[in-house]
Amino acid sequence: MTWINSIMQGVLLGGLFAMSAVGLSLAFGVLRVVNLAHGDLMTLAAYLSYITMKYSGMSTWYSLLIVVPGMAILGYIVQRVLLQKALKMGELAPLMVTFGIAIIIPNSLMQIFSSNVQQLPVGALATSSIQLNNQISLGTFPILTLLMSVVLIAAIQQYLARTKMGRYMRAAADDSEVLRLMGVDHRKVYGYAMGIAFATLALAGILFGMRQGGVSPFDGQITVLFAFETVIIGGLGSLWGTLLGGIVLGVAQTIAGQISPEIPLLVGNLVFLAVLAFRPNGLMGKQALK
Amino acid sequence: MSNVTLPHVERFRRKAAIGATFAVILFSLLALAPFALDQSITTDWVKLFYLISLASMWNLLAGYAGMVSVGQQAFIGLGAYGVFVFNDMGYSAYLSGLMASLVVAVIAFPLSFLAFRLRGGYFAIGTWVIAETIRLIVIRFSSLGYGKGRNISNYTADPTLRNNYTYWMALAVLVFALAASFTLLRTRMGLALQSIRDNEVAATSVGVNVNRVKRIVYVLAATGTAGAGAVICVQGIGIASPGEIFGVSYSAFMIFMVLIGGLGTIEGPVIGALVYFMMDKYFSQQGLWYLVALGLMAIFVTLFFPKGIWGEINARWKVSLFPVGYQVFDRKDVKKLGSKSNKEE
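Those protein sequence lines, which keep their order, are chains A and B. Counting from 1249, one number per residue, gives the positions in the first sequence under the working numbering. Counting from 3, one number per residue, gives the positions in the second sequence under the working numbering.
Errors might be hidden in some of the hints.
[What the hints assert, rightly or not] Here's a subset of chain A near chain B, in silico, CB distances under 10 Å, partners left out:
1) Pro1342
2) Leu1386
3) Asn1517
Since the hints were made in silico from the structure, they are not lab data. No residue lacks a Cβ here, since even glycine has one placed at the ideal position from N, Cα and C.
Same shape as in the complex, but just chain A (with noise of 0.2 Å):
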């Protein structure tokens, strides 16, 4: 039994890597951006929570409403004025430009915050669980992440599908050139992209530390990790395959946790190095990596 409710446990886990990792795999899909700031930025956005909490003093949920707006506005400036531009010198400027981003944020915040956990409170929600059994009983608030994430993801899917800047995203994510000859400014485009790419990961980043009990500084360098291991573990261009990506982590992680509480971590990226060298496209990819 104690296998059983590991394994819903990561599930439920399952659910927020999922939604961390949407952002990096539209900045992808769309703008061919690899986000290797990806972690820290998520960090940031639960710094920016804990600030808003500080000093409004409303609860993390509300602090959301602000934060994530806020990191969509952030993500259309940081394409429009950094990555535009690196975009148009080749594959290898984007990296930079997002690694140099890595290291600001993550040492900016050590400096002002110092390396101690900042708190970010779930409320009441905290202890309370479902009971299925009397053995397996799930977390209210893990529930809402996994909920919020399928949520998010079908939100997105329709986005895509039946708006006409979802339209422009995917005819970009195809080829942008023919969308710029049909008279589309693929920089707005881009940069809508990137700003629905940082609310989710702001979203993602809060919820995490939320689940964590607070955020610390270098989160962000495991974080980044996890969403790329969901996305290449799930298969790239395909957001429900993100999902499972996500799931398929969580639970290894949990039975390995399990096992023994060192090896979660490990195990994590054996299963990812499994699925690179056994199934390269992913559990659901329907295209080669490129």
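We have chain A already, so just place chain B on it with the hints.
Positioned in the frame of chain A, the structure of chain B alone reads:
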């Protein structure tokens, strides 16, 4: 003879020959430095040497083969930990470093098959995952001190001798890194590499075995990087923490040095390492703001001076200390060059 005057192609001009002679003299003098200079200076230089080695090896990957890795710390760490393994078997710390580097070459070969499943940015994060995985495996061994780091058990007791040996070891790794880059790039493979960097598909179409060439570079870079890692371990007579030696900040430093100096040139990483070395010496007391400044500079240089310091110099004055490219001259220029070059025609 036709009337069309063909351009004359050269790759080793007299200026460059002077450069090569100068390099041989320079390295001979550097080898003698411990006899002439104060120990505090040579200790500093050990750091400079391994920084140049690290930067050159990273440049070989990214600047010539187009593989941006943020996981080279895997090989720094393995090189460093390899010193413990062989040292415990009874070999001297310096010989252990050499053996560790060779073992890393053997390890890097199968790893390349995993890493090469990914391209571009995903390759970058993939190498990072590999580095993390290796760290997580290493810290499970009690003989390697778990997650706490450890000291070298048998090291040279005499501090002066130890300092000299460490210095020569660092110099040897440096010479390996530079000589490997230079000779590799002057062979046919150098051309193949640059064609891969510029366009993989086009390189394949003209008959370059892309994966084979990339694999050779990957293994070579891992070997040199491990050598530098071994130097770091030997100089510190051990490792303070696995998190540091396997830390992604090493990748940050490598990227910074290569970008500042000039990506895709042999001279660039040397200059970049010098710049970083000076910054580290005078500003590292500023705490982490100094790393923030490195990050800002990396972004600034990428966007506004993508050629780096050496690239800018090269573009302006056409100098090259380590000539690996071909230069095309008009006939008129050839005459000015004198009789020596005409004989080669």
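Chain B contact restraint on A/Leu1386 - CB to CB distance below 10 Å:
At about 29 Å, which exceeds the 10 Å cut-off, the nearest Cβ of chain B leaves the hint on A/Leu1386 violated.
Given hint A/Pro1342 near chain B, where the shortest CB pair must fall under 10 Å
The hint holds - A/Pro1342 has a Cβ within 10 Å of chain B, the shortest such distance being about 8 Å.
At a threshold of 10 Å, is the proposed contact between A/Asn1517 and chain B supported by beta-carbon distances?
holds, 4 Å
Of the numbered hints given earlier, the model fails hint 2 alone.
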